[in-house]
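Trainee: Join the two chains into one complex using the hints; note that each chain is given alone, in its own frame.
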Amino acid sequence: MGVHSILFLRPEQRAAAEDAEAPDCFRDLHLDQVVEAVTAGRSEYRLQGFFHTPLPDLESIAYRHEVFRDLESTALEAVVRTFADRMRAVRGQLARAAKLRYPLQQERWFLEAVATYLDAVGDLCRALGGLDLRSRGFQDLRAYLAGYAGSPGFTALAAETARLRQDLAGVTYSLHIHGNRIRVARYAGEGDYAADVEATFQRFRRGPTKDNRVDIRDWPEMNHVEAAVLERVALLHPEVFGALHRYCEGYRDFLDRVVADFDREVQFYLAYLEHCRRFSAAGLRFCYPDVSDRSKAIAARDTYDLALADRLVREGRPVVCNDFALRGPERIMVVTGPNQGGKTTFARTVGQLHYLASLGCPVPGTAARLFLCDRLFTHFEREERVENLRGKLQDDLLRLREILSRATPRSLVIVNEAFTSTSLRDARFLGRRVLERFLALDLLGVWVTFVDELAALGDQTVSMVSTVDPANPTRRTFKIVRRPADGRAYAAAIAEQYGLSYERLKERLAR
Amino acid sequence: MNVRLLHPDGDVGWTREVPPHAADLAQDLGLETLWETMAGGNAFLAEVARSVMLASLTDPEAITYRQRVLQDCLAHPAVVRQLYAVALEAITGERKVYRSAFFRYPAGILHGALEVMQLFLRQLRQLRAIAEAHADEFASEGFRDLFATFKRDLSEDYLQRVAGHLRQLQFRHGVFVSARLGPGNKGRDYTLRRPPTHRGGWRQWVPGFDRAAAYTVVVPDRDESGLRALADLRDRGLNLAANVLAQAADHILGFFTTLREALAFYLGCLTLWERLVAKGEPVCFPEPLPPGRHRFSCHGLYDVALSLRLERRVVGNDVDADDVPLVVITGANQGGKSTFLRSVGLAHLMMQCGMFVGAEAFRASLCERLFTHYRREEDPAMQRGKWEEELDRMRTIVGRLTPHSLVLFNESFAATNEREGAEIAGGIVRALVEAGVRVFYVTHSYELAHGFTERCPGGVLFLRAHREPDGHRTFRLVPGEPLPTSYGEDLYRQIFGEVGDVAPTGARGG
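First to last, the protein sequences are chains A and B. Counting in the working numbering, the first sequence runs from 1 upward without gaps. Counting in the working numbering, the second sequence runs from 512 upward without gaps.
Check before you lean on any hint, since a few could be wrong.
To be verified - To list a few chain A residues with every Cβ distance to chain B over 12 Å, as calculated: (1) Tyr288; (2) Val481; (3) Pro484.
What the hints assert, rightly or not - Heads up, simulated BS3-like pairs for lysine-lysine below, C-alpha to C-alpha not over 27 Å straight-line: (4) A/Lys99 to B/Lys697; (5) A/Lys210 to B/Lys607; (6) A/Lys479 to A/Lys296.
Simulated from the structure, these hints should not be mistaken for lab results. Since this is a predicted model, take the numbers as computed values, not measurements. Ideal Cβ positions, reconstructed from N, Cα and C, are used throughout, including at glycine.
With the rest of the complex left out, here is chain B (with noise of 0.2 Å):
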């Protein structure tokens, strides 16, 4: 029995790997905001959707298959909290039967597992009463999957049955074993037997029945080191049962734990989804396109992490950057450059795990890495240390590149003088590209920008974040190629209020 809510392979096909670079990631596109909406303060959730997110799927249709498993939670949530509650009730029941690792000898391992076996029976047959209750509801393939299983192996014939071992798994008239002579004579492949079950039944094994062919040993009450010999003799027995049964017991609760965790996560993105759409705010399911063809193309594209800590709606993005692989986006100072940066990689975080995503329409080619390379801020008296540690940076996300990554650059490799910088960042983002790496470069050095427009493999779109004449910003970006300036006075006559006529209105990003 598999869960394949998250993959159609089930839970092998899909990788919990978390790229060693997740808390770059996390922190330069505010995904913690993110998480903890999704989660609701429960931290489970929160785990569930940060490794499921960090995790990105790089298969079209693998990102399909649990988009429309995500389309069926949206419209059933009742019943999908309803599977939830049992997984969860399966596994705390678990953990509260006492499986100690003190108590590792086959007769109490037998006991633990029967116990976990009659709390698990309850729980597996209301997964089959949910099953034939709302089957018919779900159109995607992992539900529809996912309940056909529950009606099939958890038919009430087979449930009977297992309730039928448990029973005899309690050995009430004694154990019956089969030994050989192994090394020494000393008895060896101990197996457990079936109790004889022909006309006279248990009245066999009574001392003194069948005289000729048996022979009996009792061990006196007093001899204490003969009744541990004799338990011992009856664990020889025991241990297949016991590990066979205990096997089942783990195999049941991985069950219940990947179906809770699956679950999780569609839980929290409906959270999401719910939080998104009270607020008025769009969203779509985005259309993966396989790696490496640098499509990407979005109808208001906003920061979802953004919006959720404001009140107010944030201001979207129409960007057609379908063909080329390096994006430059210059312009004003708070003018919604980073903003939009991070819709970028929240974007494609979010279509890579099969979410929907902030915008009213997003299409874009999935990328193998995401890599994010953000100025940070630090001790300024420092500069050459903080030149350094972009360096080292750097180099560590060259180690993990492959060629259809994406890598997102905010301010990158300013940290020294601008014709060097300019530079050293010119050749790196060169080498990238030619090498298939798709780039967004945010930066307000015209020297860098500037080179660009000189010579680029592949083409290059330059945004520019807009500036009304009279310095109001929409956080709207347009094509445009860089200007000598980023309106620094503007900044200026802001901060010193000089001028009052430029207040900003808009939300704001970095």
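Chain A with its partners taken away, still in its complex shape (with noise of 0.2 Å):
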């Protein structure tokens, strides 16, 4: 059990994914908007990697859906942060042992950093032990710290770690301060006087008052003079900092492997979690995919861009979902309809739901159908100038060819609006000739443009228009339906203003 991973079903998975680079759709499906906003705060994690691999099958997919669930549904969520918070304080304790300059105190640091530890790990090994636990990464976890934690190694350690800190907290000595002399002794049991003077002046006590208690700032490291003082401790007491000094000499390597690999690929779920909620106050919700590696007929309803509807919740604006399906030969949805009405979103909405769904994570949603694509293509305008019209046209057919000669039946390929620098003759013929190669191919996608006339190219393509609010057409809805386009011209409407201030003053005066 020593090479289990709580992400990879199939730990050889992942060294290729420690340092992937982002794939080339991130940039037009605006991932790297949410995979940055996913792994905010987690930079200790490195989790880029892991977002910037997809899986190559069902049964690794099943496998994450399985922990998200766990941690969704019982309160393990709870538990892992908790464990996770020590971990980080272990690093912390570390680290700062590491740059302390007096070795009395970088072997304090380091004791509490084994003694961190050890709690995080015996209290996770308690917590999961206590837990329904239904999916497989958690159920090998569990008992892999099981044993671990029942280890002879292990409890040795905690044994003497606890005797340490305990002798440690017992170590009490006294101060004589007086002119430029401290001497140092072990303390005698001599009375509170602060408790004494308080005792005296109880009754003058009338409430709460001023706190006078003055904060004498507190470093981590110390000076020459504790320093001093500190060594005099040690020499008053020989036997516990002889043992403390052995411990650390002992116990260079206690951090094991798996247990270090756990805490940073659980935050991997922990953060895309954490992002899932900021959208449900907003009444957004997401859900677990069914995906398929066979079947085309894709759907979902109630989805959403997910960096879009980032930044509206964060606005305190309102977020529009959308539905989509393919039956049976439909592979491509067409979609036309006005300016800004919300198409280029809704399209790459349906690349990053492929996206997400390949990394075994929930979708935005509250159902969809996906399917377990090869690769993901995408040609968005670039935003580089480009020197001359026909360079841009030009561009735009050789990405488009670069596309077509490595997509297979099993990918995806979202086109946004290509040859909008030409003729609309032009756009026509090239547009219908570029669908018709990806219609043969049988592969699924998004096709979003101008000319009407594609959306009604076969039975393979869908038509789905951008609507607008019938009662004034000036005001986008950004749904997206299926329906025929219809090439209508907006004609600009009147808005009228109806207000109520009148009455409010009326309300008021009558008050």
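Mentor: Listed below in structure tokens is the structure:
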């Protein structure tokens, strides 16, 4: 069980994921923003590579779904968070030990780091034992930890750590400061003088009062006088400090590999769940997609662009959700409709959904049936300036040819407004040609265009239209619905304002 | 140790909360005159008079408690002034000691607190001396408790013990602290320790003594950072003791401050009493009744603020308004309506802070909150602004009203035509009265006043400013329904002097 991983069903995948670069589609789909938001505040765990590595098979996806569901449905998440906090403390204490100047200080911080680690592992092990865990990932971890925490090495370390800490906690010394001399001695039970003073003046106490205590700043470091005092304290207690020294020499490599890996990898789940929760207050949902590697009948309900929704929710603005479904021979959604109507957002959403599903993550929406594609291709307008229009058109075509040469029937293609830099006649012709090639490949796709004719190319295409408010056509609804492209012109409608200020004034005066 | 002169529960028992509409009350009831008299030019006394008066009590027992304390003060003014002087000296002495925030380190705090405590020790001894000399002369619970506290808590034995600590806390023989090992083996829980007093005394701490059990660190004189570190260690030990002593000083200062404040109020009352009595005006301790009963009866109730501004005595009124929620005052211009309304407000405020009132007898249910809604003199050209301003003030009052409040209206809602004003004012008054609020309404709107004769829940008392048949004002109010005239003709004649037989002879309010 020494190669357990909470993130990878086949731990050999892990090495490749370590430093994986972002896939090409990342920027176009705004997945870079999503991953940045998801991993924010967790740089110490270096999670990016995990998000850059789609899973190759359904089994691996199921493995992660199980872990997600365990974390969501039981008290497990709190247990894991507590563990993570402790492990962060361990790292902090070790870093501190390495930085400090006086050995007697370093040794004490090392001892604390080990103690924190032992607590973290012990508590995690006990807590997992009491939970109803369904995922293979956590069940295996539980079994591993039970063996590890029960091993003689672990228990011996725990016993020794506890004894040392207790001995050190028992060290009390007294200082007599007079002039420039400090006399250090064992404490001999002298009474608390401040308490005497307090008791005497107690009768004047009348309710709460200002705290006059000075917050004397305390650094982890020691100054040389403190260090000199500590050395004298060590001389007064040679047995305790000698044992501490031997302990530090003996347990340099106390950290278990599997435990450390779990601590890092589980953050993938926590980060994603944490991110999901930011949307629930706005009424936005996530679901576990039904992922298939055979059926191309994809569908989703109440789904949305995760990157855009993040921004809208932050700003307190509403998020419009959309549905889509492909049936039978349908493969490509052709999206038309007015500018700024949410077409591109919709296309991105479909791409994001498939990518997130391939990571084994829950996806935006109330239900989703998705295809496990081998690759995700995007063709979005490039922001880089190209010298002239012909150059840009040429660039479009070159990039599309590149995609066509690499795509397989198992790929997903998102094309956003290709051929905008040529005449409508050209665009109609080129669009038709390229789209037909995609259809011939039988791959899945979203094709956003201003050329309405492309929406009715055959039974493999589905026409989707971004809609407007019938009462006020200047208002976009950002709803993308399945219906024939209508090519309507949207004249500006007269927006009328109905105010109630007069009513409100009347109400106030009536009061 | 607590001062319970203002309230049986001590300082916590009474709120210092000045109502947000205090400025209106002060202006409409002429309170400044009252406070100036009470203060006799002393800003602190004025501030105390103001805040204690405005923070009305609503519990009859709390009021009679203060009345008894005040009666003691009236009987023993010299002792009360002596106590005040002791408290004042402690407070001004403390201010002279430099306790600056710039020296926020334990040794500095300790030093300042020691100095202050030495001073307080002398003042506390004086308090005990006064108590020993005069306690038996006082009858009120407030003073008896206070003197008993002095005798009990400030015994010579106890003060000796305090003095002993003040000596010890100078640490002439060094500071003795203990510590434990904290995070990273740094010292923590620095605790100041009782110096060893057994045989051997300080010699035990002389370097070289008992070498086996102790080590000595000597910081060289030139090692400045080392000396700072040493001072820092000592400060950690002193921190708690310095805090305790500084807190004790703060508490004692708080005690003196509260004592001074309470006495300041009673000294103000004393001064006011002396002024009114010297003038021959009647003063009496009122009978406070629980809120909500609509009790009000007075004999010779006069406007104290007006009296303080005049040489001669002013006219008082006898009114029995028990069991009616609404009192409507109409009648002749300049016939004493506003003066009466002010005397009602003043009597309530004075009664509800435990004072005497300006009357031969006064008895009323306490009001939870007192509001005044007076017509404000403003730019006559801005009729509309004025009307809205009145409504705005009314809305504010409504937002703060509680059921057992008292609202005094003076010529309110007259900034529009009479019918409209009467209708709106009538609606407001009716709503207030139905909510349990007591209302005194001065108006010369016949329309408004007459409206109440027909329909007012719980009944209404009409008072009318009296006018002799020759137009002469007595400034007395008599029960009587509103008359369709308010004798504007009289005023006209008086001002234009066309007929010489109606020159006013009495004092006159608005």
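Trainee: Give a verdict on every hint.
Mentor: To see whether the hints hold, each was checked on the structure:
1. No beta-carbon of chain B is positioned within 12 Å of the beta-carbon of tyrosine 288 of chain A; the least distance is around 45 Å.
2. Every Cβ of chain B is farther than 12 Å from the Cβ of valine 481 of chain A; the closest lies at roughly 51 Å, confirming the non-interface assignment.
3. With 12 Å as the threshold on Cβ separation, the claim that proline 484 of chain A sits away from chain B holds: the shortest Cβ distance comes to roughly 59 Å.
4. Of the supplied pair hints, the one linking lysine 99 of chain A and lysine 697 of chain B holds, its CA atoms being roughly 15 Å apart against a limit of 27 Å.
5. Simply put, lysine 210 of chain A and lysine 607 of chain B have alpha-carbon atoms about 20 Å apart, close enough for the 27 Å limit, and the pair holds.
6. For the given pair, lysine 479 of chain A sits about 23 Å from lysine 296 of chain A by alpha-carbon distance, which is consistent with the 27 Å threshold.
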